Amino acid sequence: DAKTTQPPSMDCAEGRAANLPCNHSTISGNEYVYWYRQIHSQGPQYIIHGLKNNETNEMASLIITEDRKSSTLILPHATLRDTAVYYCIVSRANDMRFGAGTRLTVKP
Amino acid sequence: SQTIHQWPATLVQPVGSPLSLECTVEGTSNPNLYWYRQAAGRGLQLLFYSVGIGQISSEVPQNLSASRPQDRQFILSSKKLLLSDSGFYLCAWSTGTGRANVLTFGAGSRLTVL
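Protein sequences appear in the order of chains A and B.
1 is the number of the first residue of the first sequence in my numbering; add one for each residue after it.
1001 is the number of the first residue of the second sequence in my numbering; add one for each residue after it.
Watch out, some of these pointers could steer you wrong.
To be verified - These stretches of chain B come out as covered by chain A in the derived footprint (C-beta under 8 Å, 3 or more residues):
(1) 1030-1036
(2) 1051-1059
(3) 1101-1114
What the hints assert, rightly or not - Part of the chain A face toward chain B, derived, beta carbon under 7 Å:
(4) Cys-12
(5) Gly-15
(6) Ile-39
(7) His-40
(8) Gly-43
(9) Pro-44
(10) Tyr-46
(11) Asn-94
These aren't lab readings, by the way, just hints derived from the structure by calculation.
Just so we're clear, the structure is a prediction, and the values are computed from it rather than from any experiment.
C-beta atoms are modelled at their ideal positions from N, C-alpha and C, and glycine is treated no differently.
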């Protein structure tokens, strides 16, 4: 019973920005938004997390709306190696539950 | 630096046989530890998590159990495997400190029950 909603799949052209949306309309004030990705047959990889402010690291940017009810993960220049399932998680505690995620396919 | 180890990487077991998967973390102390399962073509299902030795929270009632005999060791067990236990089992850890809870996953153990 994940608390997030993501589109099941998305395509992106290589070299273009990939924008992955996540809805978390029931998020509470002390819950973080986390993003992970899973490349086929591997364990998930942490990408980024945030609470209220937008965040950026070497992998991606996280944009959280002012009401915190949705967020967008941005991969600025997608490559073929970014093809994976991307998971958005909302949690304040130790029970980190993954939903179905978005399968991103980067196409040449 | 911290590392996480899982073994065995793959195993094939007959229905009704026992199971033991082991996970250890190096380079940290008092981590939060997690077991997830991923059935073929499905998402990750949280099975158990532990915030300390002997403290196990079970998320899904089933024929699996978990134990944490040492601070950095987490074991997933079953007395009698079912066909539905087949899947990709992932162990993860987090620091357990601070307000954010960033997970680091192991390479996984792929179980096939025949």
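Checked hints:
Only residues whose beta carbon comes within less than 8 Å of a beta carbon in chain A count, and the stretch 1030-1036 of chain B has 3; three or more means the coverage holds. Closer than 8 Å: that is the beta-carbon criterion, and the stretch 1051-1059 of chain B has 3 residues meeting it against chain A, so the requirement of 3 holds. A stretch counts as covered by a chain when three or more of its residues have a beta carbon under 8 Å from one of that chain; for the stretch 1101-1114 of chain B and chain A the count is 8, and the coverage holds. A least Cβ separation of about 21 Å between A/Cys-12 and chain B goes past the 7 Å threshold, and the interface hint is therefore violated.
Contact between A/Gly-15 and chain B, as hinted, is not supported at the beta carbon level, the nearest pair being about 29 Å apart and thus beyond 7 Å. The interface hint given for A/Ile-39 is violated, since its Cβ lies 12 Å from the closest Cβ of chain B, which is over the 7 Å cut-off. At a threshold of 7 Å, the smallest CB-CB gap from A/His-40 to chain B is about 11 Å, leaving the interface hint violated. Hint status for A/Gly-43 relative to chain B: holds, with the closest Cβ pair at about 3 Å, below 7 Å.
With its C-beta approaching chain B no nearer than about 5 Å, A/Pro-44 sits inside the 7 Å limit, and its interface hint holds. Annotation: interface hint on A/Tyr-46 holds; nearest CB of chain B at approximately 5 Å, less than 7 Å. Below 7 Å, beta-carbon pairs count as interface contacts, and A/Asn-94 has one with chain B at about 5 Å; its hint therefore holds.
In the structure shown, a violation is registered for the earlier hints numbered 4, 5, 6, 7, in ascending order.
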